[in-house]
Amino acid sequence: MEDLEKKQQTNCKNSGNLISDETIEYVGILAKLDLSPEEKEQAKKDMGEMLDYIDKLNELDTAGVEPMSHVFPVNNVFREDVVTNGDDRENMLKNAPEVKNGSYQVPKTVEGERKDPCL
Amino acid sequence: MSLKEIRKFTAVQLAEKIKQKEVSVLEALQATLEQINQVEASLNSYVTVEAEGAMQQAAEVQKKIDSGELQSPLAGVPVAIKDNMCTEGLLTTCSSKILENFVPTYTAEAVLNLRQAGAVILGKTNMDEFAMGSTTETSAFGITRNPWNLEHVPGGSSGGSCAAVAAQECFYALGSDTGGSIRQPSSFCGVTGLKPTYGTVSRYGLIAYGSSLDQIGPVAKDVTDCAAILEAITSYDKKDSTSLNRRDTDFTSALKRDVTGMKIGIPRDYFGEGLEKEIKEAVLAAAKTLEKQGAIVEEFDLSLAEYAIPAYYVIACAEASSNLARFDGVKYGYRSKEYEGLHHMYKKSRSQGFGPEVKRRIMLGSFVLSSGYYDAYYLKALRTKALIKQAFDQAFEVYDVILGPAAPTTAPVIGKSLQDPLKMYLGDIYTVSVNLAGLPGISVPCGLDGKGLPIGLQLIGDCFQEKKIIQAAYTFEQTRERQLSPVAENGEAGLKRQPREQEEKV
Amino acid sequence: MSKEYETVIGLEVHVELATKTKIFCGCSTAFGGAPNTHTCPVCTGMPGSLPVLNKKVVEYAMAVGLATNCSITQYGKFDRKNYFYPDNPQNYQISQLYLPICRNGSVEIETSDGKKTIGIHEIHMEEDAGKLIHDEWEECSLVDYNRSGVPLIEIVSEPDMRSAQEVIAYLEKLRMMIQYLGVSDCKLNEGSMRADVNLSVREAGSIQLGTRTEMKNLNSFKAIARAIENEKNRQIDLLEEGKNIIQETRRWDDIKEYSYAMRSKEDAQDYRYFPEPDLVPLVISDAWIAKMKEGQPEFRTEKMERYKQQYGLPDYDAEIITGSKYLADFFEAATELCQKPKKVSNWLMGETMRLLKEREMEPEEIQFSPANLAKLIALTEEGSINSTVAKEVFEKIFDEDIDPDSYVKEHGLKTVNDEGELRSVIEQVLKENPKSVEDYRNGKEKAIGFLVGQTMKAMKGKANPGMVNQVLKELLAREVFG
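Chains as they are written, first to last, in my numbering: chain A, 1 to 119; chain B, 120 to 625; chain C, 626 to 1107.
Derived from the structure by calculation, the hints contain no laboratory data. Even glycine gets a Cβ: it sits at the ideal position worked out from N, Cα and C. Careful, some of the hints might be misleading.
[Said to hold, decoys possible] Keeping only pairs whose Cα atoms sit at most 25 Å apart, straight-line, the calculated DMTMM-like set for lysine to aspartate or glutamate is:
| # | chain 1 | residue 1 | chain 2 | residue 2 |
| --- | --- | --- | --- | --- |
| 1 | B | 542 | A | 59 |
| 2 | A | 45 | B | 457 |
| 3 | B | 456 | A | 25 |
| 4 | B | 508 | A | 66 |
| 5 | A | 56 | B | 388 |
| 6 | C | 645 | A | 66 |
| 7 | C | 645 | A | 81 |
| 8 | B | 216 | A | 34 |
| 9 | B | 216 | A | 90 |
| 10 | A | 40 | C | 895 |
| 11 | B | 535 | A | 49 |
| 12 | B | 358 | A | 49 |
| 13 | B | 456 | A | 90 |
| 14 | A | 108 | C | 763 |
| 15 | A | 94 | B | 425 |
| 16 | B | 456 | A | 39 |
| 17 | A | 56 | B | 494 |
| 18 | C | 1056 | C | 1046 |
| 19 | A | 40 | B | 171 |
| 20 | B | 358 | A | 66 |
[Said to hold, decoys possible] Which residues of chain C face chain B? A partial, calculated answer using Cβ under 7 Å:
| # | residue |
| --- | --- |
| 21 | 675 |
| 22 | 680 |
| 23 | 719 |
| 24 | 723 |
| 25 | 902 |
| 26 | 1050 |
[Said to hold, decoys possible] Facing chain A, according to a computed beta carbon distance under 10 Å, are these residues of chain B, among others:
| # | residue |
| --- | --- |
| 27 | 260 |
| 28 | 262 |
| 29 | 363 |
| 30 | 419 |
| 31 | 451 |
| 32 | 513 |
All chains should be modelled from the sequences, with the hints used to inform the complete structure.
Set out below in structure tokens:
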């Protein structure tokens, strides 16, 4: 990934060039997608083209413009701290591919690989 | 009254006939089911048709109408729902293999509102997988064909909803619009589709694509239906934090043939390179018509139009990469049969469950959010969004309504679009900025091109100004005859009538 | 060791808030339900579900921020932290990265080296993950989402601590404050308070920070102290060998007393944070802050003063009891029932503390009710049981929360106040111990002690000691002159 980090330092003119095999590999890990060699090649091409096109945004001077995540100034939407839901386990588990003992069954997780930052 | 005659009614007309006891709810349902029987095998507008459940609902609704309990202007009318809205007990797939077996345990708020209004839900319509696409060709359950010409796509992503309405396989439908997914297929299918102001219709139960852009809206035979449906589905929902508590939601009150003094702006940048000549002419002719009706029409520079697409794809794909992370084979949906360990199970399930377009957008979205690129792409896009909103704000200081095309082309031939994704994305040029700025927009039919394919006129309003675009669209609509698709006009026979062959004959 | 090293420690403390419902849905946060019985579409990440913020969570986070001298962020947002793991149903956690609710606070601690201020970098709100249970029979794990969506605050300190002693003092101070606020029970062993330790070492006198590691899975103060000692030594050893320290997350195994790196190929540590589009910004007005300030509860120093004034407790008692919100609440509840503050205090400071220590428990793990302690005090006050019996009964209360009234009755532990019965027992004791009676007569007054003991033994401890003494003396005197 060092390679990638170095590239991040460079400015984003012709971003398509940023998309190396390693980038596709890395993004595949992030997105949990396992691409075939052909798919990887295609993804490299598509993503490269798309990023080159997105570079068009660099023509715009956005200095001093606040990034707008919410389009309307609506604030403070709350719920009161009142229990409204009962036991609906049967319904919640209805769609699960594998169920055991009232729980969702998954392949064994190894403690060491746990990623949860708040354990 | 014959089933064919019944099918010709708009939703509001049909409800009135039902109220007057000229048509029963069951007959209305049978009228649509008959058409589905005749044309669905060719069109594939639906992922799921739930005839039996619809029969039951029809009986219940009839009872409530008879007892006077149901008074709504849509009571008893059969409706189709885009397959990205959760319906309790009814398969909801987003046209994706990863949700091929997903049966929700609850119903989307917008659909609940329709039920309240006495709608009879007869099925779930096909769409681009997870609403990602402009042609309904990315569906895992087959393409949908355009009822005006079966060799053409219906547009997307709400292609199934628009095709079903155009083919009279339902009286109206719900679609969702993240970057034009109601307005563009409405224009391709010659129906009327409205994308409301962000926050007007609850998103609770709508399977998210781009959360900050998604809105549910009506797809209908005319503007009157659109207004009535919007009135029914609009609600302030405490389960959706972005839901707005609006007071001016009596949209049907805007169904007036009057644009006197209304200021309509035509953005010059919407008529540049890439726009088909016939569309340009049809749309400018529509502007002339409105001018004749008393509107003040002016050209102006909206600016920034060309930046809307890159900004849109960064934001939508980033949100999608996160929204679609939950599809992992643990709680619901598809799980790969063979895997070694947890992460392999994730990767196999997702790689086998998602189609290429969805994977393409998840990859792009994950990349633009990844360490080191967030500022350059994601924040840059959010800043661009702010500028686009500003540009619209300035325009709406002057104009009541902005007028332009809904799409640069009419419906393309099946199989031509997905080869070049970037080119396909460019087709969203007139629709995406409306989503970025949270504005309402409507697409109304304004003619046919030389191939006999519909052209859509787009009217854009300032936020909360649905009534203005409804009034302008209604006024325009009153000046012309409603045109039916060949499939609607002639049923099965219409399927065989291929304008392309005709053209060659001519 | 050729060089002197300094250890630099910062803490990330997660505290589960004691709200009735989860942070984004109306599911109960109650502990101990059967797996997945406290879940709904929102906290299991069902497609189409949306979060709505629990107002109480904001208020609790603000309360902790105000108590730790933080400034409250008046325009805040939530962000998504993206990572795949089955305990995280959406595969993203809703948290706060860019605009956390509280910033720039401080906490004063006291150790044997004196007082010191520890900086608080920020406090943010987030949702907890579900629980993974490793199946014993099959190669699989089971997911329970009952804890998924339980509200957490994460309190991030500055790297201001230099020793395990300071870390523990800081954690104890935080825990006490949070318990006083009533926003969490802060039980380390149950996971309602969790601390991750960020630690680096540097040569003494250096201003630059060394490379740090993050240590997880620390479930007790003792584990924290051991892990700090271990990690400090591990890092120093590496430096001494001329090796580099890798910035990584490590997991502490308290049984084997060592840590190991939590790394995998699949672990990119790139969380792709971005503003949560499903939640709207949080705007906190001056008026809201003022209202929260007004509503802050009585803290330790105020409580200590009141205990001295209102209950007449000595300084020492007041200090010990107010050292834990649990003890203080317990004290007040029991006193309210029996109106004997000093007696309650004595039981808490004496036997309770002794048993807590013996059982390696924290005050918040006390299982018995104030009512049963109040009853026990009433029994001793009215002379129904003597102090030996009382201690025995108290241990039963401590372990099993028995009702002392019925326990004393069932086990016949009531002090015998029937003089007739006592007289006949004492007469028998005197008859059986002529040597001691002789000694007493001959002026060896100490001999009476032995006779008291024998009487108590015969009475199985149930005799009223005062009465035993009195009757013994009377009968011994009668023998002399009779």
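Hints and how they fare:
Between residue 542 of chain B and residue 59 of chain A the alpha-carbon distance is near 20 Å, which keeps this suggested pair within the 25 Å criterion. Between the alpha carbons of residue 45 of chain A and residue 457 of chain B the distance comes to roughly 30 Å, so the proposed pair goes past 25 Å and is violated. For the proposed pair residue 456 of chain B and residue 25 of chain A, the alpha carbon gap of about 23 Å is at most 25 Å, so the pair holds. Among the hinted pairs, residue 508 of chain B with residue 66 of chain A is consistent with the structure: their alpha-carbon atoms are about 12 Å apart, no more than 25 Å.
The straight-line distance between the Cα atoms of residue 56 of chain A and residue 388 of chain B is roughly 16 Å, inside the 25 Å bound, and the hint therefore holds. Straight-line distance between C-alpha atoms of residue 645 of chain C and residue 66 of chain A comes to about 37 Å, which puts the hinted pair past the 25 Å bound. Between residue 645 of chain C and residue 81 of chain A, the direct Cα distance comes to roughly 6 Å. Compliance with the 25 Å bound is thereby established for this hinted pair. A threshold of 25 Å between alpha carbons decides the hint, and for residue 216 of chain B with residue 34 of chain A the separation of about 16 Å falls inside it, so the pair holds.
Taking the CA atoms of residue 216 of chain B and residue 90 of chain A, the gap is near 24 Å; set against the 25 Å cutoff, the hint holds. Among the hinted pairs, residue 40 of chain A with residue 895 of chain C is consistent with the structure: their alpha-carbon atoms are about 21 Å apart, no more than 25 Å. At roughly 19 Å between alpha-carbon atoms, residue 535 of chain B and residue 49 of chain A fall within 25 Å of each other, so this suggested pair holds. Taking the CA atoms of residue 358 of chain B and residue 49 of chain A, the gap is about 39 Å. The hint is violated against a cut of 25 Å.
The hinted pair formed by residue 456 of chain B and residue 90 of chain A meets the criterion: a straight-line CA distance of about 24 Å does not exceed 25 Å. The straight-line distance between the Cα atoms of residue 108 of chain A and residue 763 of chain C is roughly 9 Å, inside the 25 Å bound, and the hint therefore holds. Between residue 94 of chain A and residue 425 of chain B the alpha-carbon distance is near 46 Å, which puts this suggested pair outside the 25 Å criterion. The straight-line distance between the Cα atoms of residue 456 of chain B and residue 39 of chain A is roughly 21 Å, inside the 25 Å bound, and the hint therefore holds.
Taking the CA atoms of residue 56 of chain A and residue 494 of chain B, the gap is about 15 Å. The hint holds against a cut of 25 Å. For the hint pairing residue 1056 of chain C with residue 1046 of chain C, the CA-to-CA distance comes to about 16 Å; that is within 25 Å, so the pair holds. A threshold of 25 Å between alpha carbons decides the hint, and for residue 40 of chain A with residue 171 of chain B the separation of about 45 Å lies outside it, so the pair is violated. For the given pair, residue 358 of chain B sits about 28 Å from residue 66 of chain A by alpha-carbon distance, which is inconsistent with the 25 Å threshold.
For residue 675 of chain C, the interface hint holds, since its Cβ comes within 7 Å of a Cβ in chain B; the closest pair sits about 5 Å apart. At a threshold of 7 Å, the smallest CB-CB gap from residue 680 of chain C to chain B is about 12 Å, leaving the interface hint violated. Given the 7 Å rule on beta carbons, the hint for residue 719 of chain C is violated: about 11 Å separates it from the nearest Cβ of chain B. For residue 723 of chain C, the shortest C-beta to C-beta distance to chain B is roughly 11 Å, which exceeds 7 Å, and the interface hint is violated.
With a cut of 7 Å, the hint placing residue 902 of chain C at the interface with chain B holds, because the nearest CB-to-CB distance is about 4 Å. Restraint check, residue 1050 of chain C versus chain B: the minimum CB separation of about 73 Å is more than 7 Å; hint violated. Proximity of residue 260 of chain B to chain A is violated relative to the hint, the smallest CB-CB distance being about 18 Å (cut-off 10 Å). For residue 262 of chain B, the interface hint is violated, the least distance from its beta-carbon to any beta-carbon of chain A being 21 Å, above 10 Å.
Hint on residue 363 of chain B holds. Least Cβ distance to chain A is approximately 7 Å, under the 10 Å limit. The closest approach between the C-beta of residue 419 of chain B and any C-beta of chain A is roughly 20 Å, which is over the 10 Å cut-off, so the hint fails. Contact between residue 451 of chain B and chain A, as hinted, is supported at the beta carbon level, the nearest pair being about 4 Å apart and thus within 10 Å. Hint status for residue 513 of chain B: violated, given a least beta-carbon distance of 15 Å to chain A, over 10 Å.
Taken one by one, the earlier hints fail for this structure at numbers 2, 6, 12, 15, 19, 20, 22, 23, 24, 26, 27, 28, 30 and 32, listed in ascending order.
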